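Protein chains in written order, with the working numbering: chain A, 400 to 503; chain B, -2 to 109; chain C, 16 to 542; chain D, 622 to 996.
Source of the hints: derived by calculation from the structure; they are not laboratory data. Don't take every hint at face value.
Said to hold, decoys possible - Below, a list of computed lysine-lysine pairs in the BS3-like style, where the Cα atoms sit at most 30 Å apart: (1) C:K107 <-> A:K427; (2) C:K107 <-> C:K225; (3) A:K470 <-> D:K995; (4) A:K473 <-> D:K656; (5) B:K92 <-> A:K462; (6) A:K478 <-> C:K52; (7) B:K57 <-> A:K462; (8) C:K285 <-> A:K478; (9) A:K478 <-> C:K426; (10) A:K427 <-> B:K92; (11) B:K30 <-> A:K427.
As the list claims (entries may be wrong) - Which chain B residues stay away from chain A? Per the calculated CB distances, all over 12 Å, these: (12) S19; (13) D28; (14) D59; (15) K107.
Since we're looking at a predicted model, the values are computed, not measured. Heads up, the beta-carbon is just placed ideally off N, CA and C, and yes, glycines get one too.
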Amino acid sequence: MERSIDLGTFVPEPDDDMLICRCEEITKGEIRQAVHDGMFTIEEIRRWLRAGMGLCQGQTCGKLVKGIVAKELKMSPWKIEPATSRAPMRPVEMRIMGNEQLEG
Amino acid sequence: MEKEGKQSMRVENHPILGEAESQTVVTFTCDGKVMQGYEGEPIAMALRNAGVLVHRHTKKQDKPRGVFCAIGRCTDCVMVVDGIPNIRTCVTPLKEGMVVQTQYGHSEKKEA
Amino acid sequence: MNRYDVIVVGAGPAGLSAAIEAAKLGLKAIVFDENAKPGGQLFKQIHKFFGSKEHKAKVRGFKIGEELLQEASKNGVEVVLNAIVTGLYMDKEVTVKQDDKIVHYKGDTVIIATGASENMVPFEGWTLPGVIGAGAAQTMMNLHRTRPGEKVLMLGSGNVGLVVSYQLLQAGCEVAALVDAAPRVGGYGVHAAKVARCGVPFYLSHTIIKAEGTDCVTGVTIGEVDSSWKIIPGSEKHFDVDTICLAVGLSPMSQLAKMAGCEMEENPLKGGTVPICDEYGETSVKGIFVAGDVSGIEEASSAMIEGRIAGIAAARSLGYIDEEALKEKSKELEAALGSLRQGMFGPGSKGKEIIQTEEGYEISKSLLTKGYIAEDEIFRYPGVTKKTGLHPVIECSQNIPCNPCQDACRKGCIKIGENITSLPVVDQDSECTGCGLCVASCSGQCIFLVEDGIEEGYSAVTMPYEFLPLPRKGDMGAALDRSGTKVCEAEVLEVRVAKAFDHTNLLTIKVPADMTMKARFYVGQEV
Amino acid sequence: MNNCADVVIIGSGIIGNAAAYNLAKKGCSVIVLEKDNSIGHGGSSRNGGGVRQSGRDKRELPIAMWGVKNIWPTLSEELEADCEYYQQGNLRLGKTQEHLKILQNLTNNARECGLDVNMISGEEAREICPYLSEEVIGASWCKTDGHANPLTTTLAFYRKARQMGVRYISGEEVVEIRKIKGKARLVVTKNNVYEGDTILLAAGMESRKIAGTVGIDIPMVPHLMEVLVTEAQPDMFYQMLGTAAADFYGHQSKHGSFVFGGSSGLEGYRKDNGTYTNSSITAACTCRGIMKYFPVLSEAKIVRSWGGVIDMCADGVPVISKVEEVPGLTLACAFTGHGFGIGPAVGVLLSELIRGETLSVDLSAFAYDRFKAKI
């Protein structure tokens, strides 16, 4: 994907203050700005802003972030790859994570 | 449970599910206030029936949050329970004597 | 390491069905579920299911859950609850958080039946306590018997939004409005109709502008949207509510499949990111299957069949049955699945505007925009006849895969025929005994019995009634029309409660003769 | 679009991006090609964020020291983005006499190179970081070490470089480097051909395959390292941590979460499903390691874990070098898992190397042709 495409100038929108990622408190405006800064993929948005990197790991905002990124890039949200899935699927305490049972 | 008072949201009798089964009442505290709920029900339900909706205040914007998904996914309802922060109250069973505290950011202390 | 023939992730309708089917064929099966109660969403679903009687139609969701559990235990399936599958690694190794341990298991096959997660929609104030998902509302009131609030605004007119609105009413909440940005009701018309006749106003082409309140929700403002989803200035409407409930669709919860390396696709028709799989649910990773919502959002009835197919296919891949047996066993199930996927709500019709039924009847515009069929539209449908004397009126106007009403009538008065999605036809020549079984059997609560001339100038209307307190014979109250507007006084003539009705009580009221085809709900006098 | 540039860089990790930024700053036109769909998707986004000097190989130490002194202190300001650089020291912890011996050795080596690092007792370590368990009996302590956020730092270089006109193309897998008249000039991808006066190969482990297309081999092998991250915790400490036994390394990020890297000992034998697949046992092993040193973290919840491939060099230090038999080709790979901390400095040095300027730090120890048989 060509990263030097012209997205036009960043124009603030009235609902830019709206929270999208509830866990990390990332707003729509921050996500839009990040796209204009060159963050075109969900992974990049996550790494740059922490959107979707909180306790719920993007389970709530994943689709919303996709929609916003797609709109800024003027492409279909269905063309945008979701974030990688990683263990653990739910938060696990370190003491439990370390307490493995490998045998029956 | 007579002590829950007028804010109780319990559905005692339901057209499909019938009468509620009788449950063991336990006592716990929320921010020092003594409350009651049913043993084993999610902490969040006992709180709702005691009229508590705000579970935490967020770190960056200090905004109130409460139950959102009620099934342990969104983690909005986390509180400090028995001294441990980030406990998902919507899926953590209530026990006698639990100490529940509003969470500010990542702890029970209000940050300056 | 603990090894099973099949490890099933998720004890919902798909997962339990898969495990049962696999166990029946001799596989050693274990099911993990992160919840304290099995059944997935079934235990929150207190309404009667649609479908055919072979596939649990007219049985309430939570009952289906109980039946599946019994069947699972009868067949030797291990169901482990409070067991969170934390990862699916190479060689089909599954890690499970159980108590304070992470236990490792290996499955010769793995069936992922993790279901769906709710979509959300942001608006100003959507993070306030009091804004909840529809699933949260269901969980609170139907599992934990706690009402989420006193007065609720529902966003979303799909089946979830409609069903949960009705359940909120049943739990004793007030539903202030049902709002959807789409111009048409998304869910079954019959679900909409039962909410509308309780007096809940529908606001289609409307969306939430903001949730109000400082510490928690105290109100909400909605507004009308134009064709480009922009708010039309001046269209704002305010409601005092303490709860805003979001029911804006589901997405497959497919992270585990993705982690396992299954090839994925973004599929709008399936509701999101889903693993690519064959007709038996096998993914690109040999021995890993998917079933239910995780492979594409559908109804629980489809999920159960998909689960059974995956269970059989797992048996085939481990050599418990041969290819021929697989084909034979799956054939009937595939056919059933095919029939469930028919009709105007099937996957093939997603996103399409349907203007008439398969039979050629025009779809009610009022139903799609206000939630109820208008008086001048009702006689279009083959279940509504002008027959005199006691007879059923079936206000079923859309092709939904459902046919229990056909079997309910012992006199053969109701016909659907071969095609499960066809509209029921009331046979004018058959005799109606007034037994009311058809009324109680209709999962959509759209069958009424009417009888003109019970006394001079009065008719009797019998309706399904699932609320408390149950009215008593002789009570005086008001009859409401399909829109929930009071139209006349009504006297309760009879209240029938029977085990066969399964909590759908039959309420018969006396109304003036000109109200026979209007009165569709009853409210008692305020005490 | 013009597919020609002064420099074509293969790889958009911290090395490629830092080089691109520095070259652009000096007026070069630059094209960066990234195989993955996301920028910085390899090791640059999958490391513990250490900005260490202590514990480094003697050959690498001068770059690390130069970077800590000249680049890191002003990097956030320069890139106009928060790289979350904290210079609050590095504790390398020991629990046994054996551990202390290892630490003493590393300390001696570093001191010889002029680094201010010293051995401290368990008590002294606990004074610096009160959360350490009593099991810790000693540590090496380098107070000028620190850590930064590798995710934002890598992307901050990208953002800045992009703003300065560097052309980035992601999802662009390089198939081969092709010589024209004896000089490396063309970079052939699955979709296109790019042309540059200089080709900088900074593609991590992928570099081996690509260098092979012009007959160059670098002795490196992939090792899967895994990282885990906890939910945010109240602010506790800002030291970078490591252990003599290499049980884990990591730090608390500005966000509050702890980021810890670790291994199971079986890193060289991984198998995967096409992604950097985690093993089922490493995170558990890392957790056990951490809890011995930080019992206080035992209730902290792990929210995510991930894996990344280290381009492990035969002799443990990177290749940063021009290639004599392939004029036009510059290599910057085989960083062996130490690339992030020195990345910003290497970016400057690469711009000097490519432009024929005087090098701020001697790079002769990193020549591509230094590998010899043992006897």
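Status of the hints after comparison with the structure:
For the hint pairing C:K107 with A:K427, the CA-to-CA distance comes to about 39 Å; that exceeds 30 Å, so the pair is violated. Between C:K107 and C:K225 the alpha-carbon distance is near 46 Å, which puts this suggested pair outside the 30 Å criterion. Note on A:K470 and D:K995: the hinted pairing is violated, with a Cα-Cα distance of about 58 Å set against a maximum of 30 Å. Note on A:K473 and D:K656: the hinted pairing holds, with a Cα-Cα distance of about 23 Å set against a maximum of 30 Å.
The straight-line distance between the Cα atoms of B:K92 and A:K462 is roughly 36 Å, outside the 30 Å bound, and the hint therefore fails. Proximity of A:K478 to C:K52 is assessed by CA-CA distance (about 37 Å); at most 30 Å being required, the pair is judged violated. Note on B:K57 and A:K462: the hinted pairing holds, with a Cα-Cα distance of about 23 Å set against a maximum of 30 Å. Proximity of C:K285 to A:K478 is assessed by CA-CA distance (about 15 Å); at most 30 Å being required, the pair is judged to hold.
With a C-alpha separation of about 55 Å, the suggested pair A:K478 and C:K426 falls outside the 30 Å cut-off, and the hint is violated. For the suggested pair A:K427 and B:K92, the alpha carbons sit about 40 Å apart, so the restraint of at most 30 Å is broken. Proximity of B:K30 to A:K427 is assessed by CA-CA distance (about 38 Å); at most 30 Å being required, the pair is judged violated. Distance check for B:S19 against chain A: the nearest CB is about 32 Å away, which clears 12 Å, and the non-interface claim stands.
No beta-carbon of chain A is positioned within 12 Å of the beta-carbon of B:D28; the least distance is around 22 Å. Remark: the non-interface label on B:D59 conflicts with the geometry, its nearest Cβ contact in chain A lying 10 Å away (cut-off 12 Å). Non-interface status of B:K107 relative to chain A is upheld: no Cβ of that chain comes within 12 Å, the nearest being about 17 Å off.
Of the numbered hints listed earlier, those contradicted by the structure are 1, 2, 3, 5, 6, 9, 10, 11 and 14.
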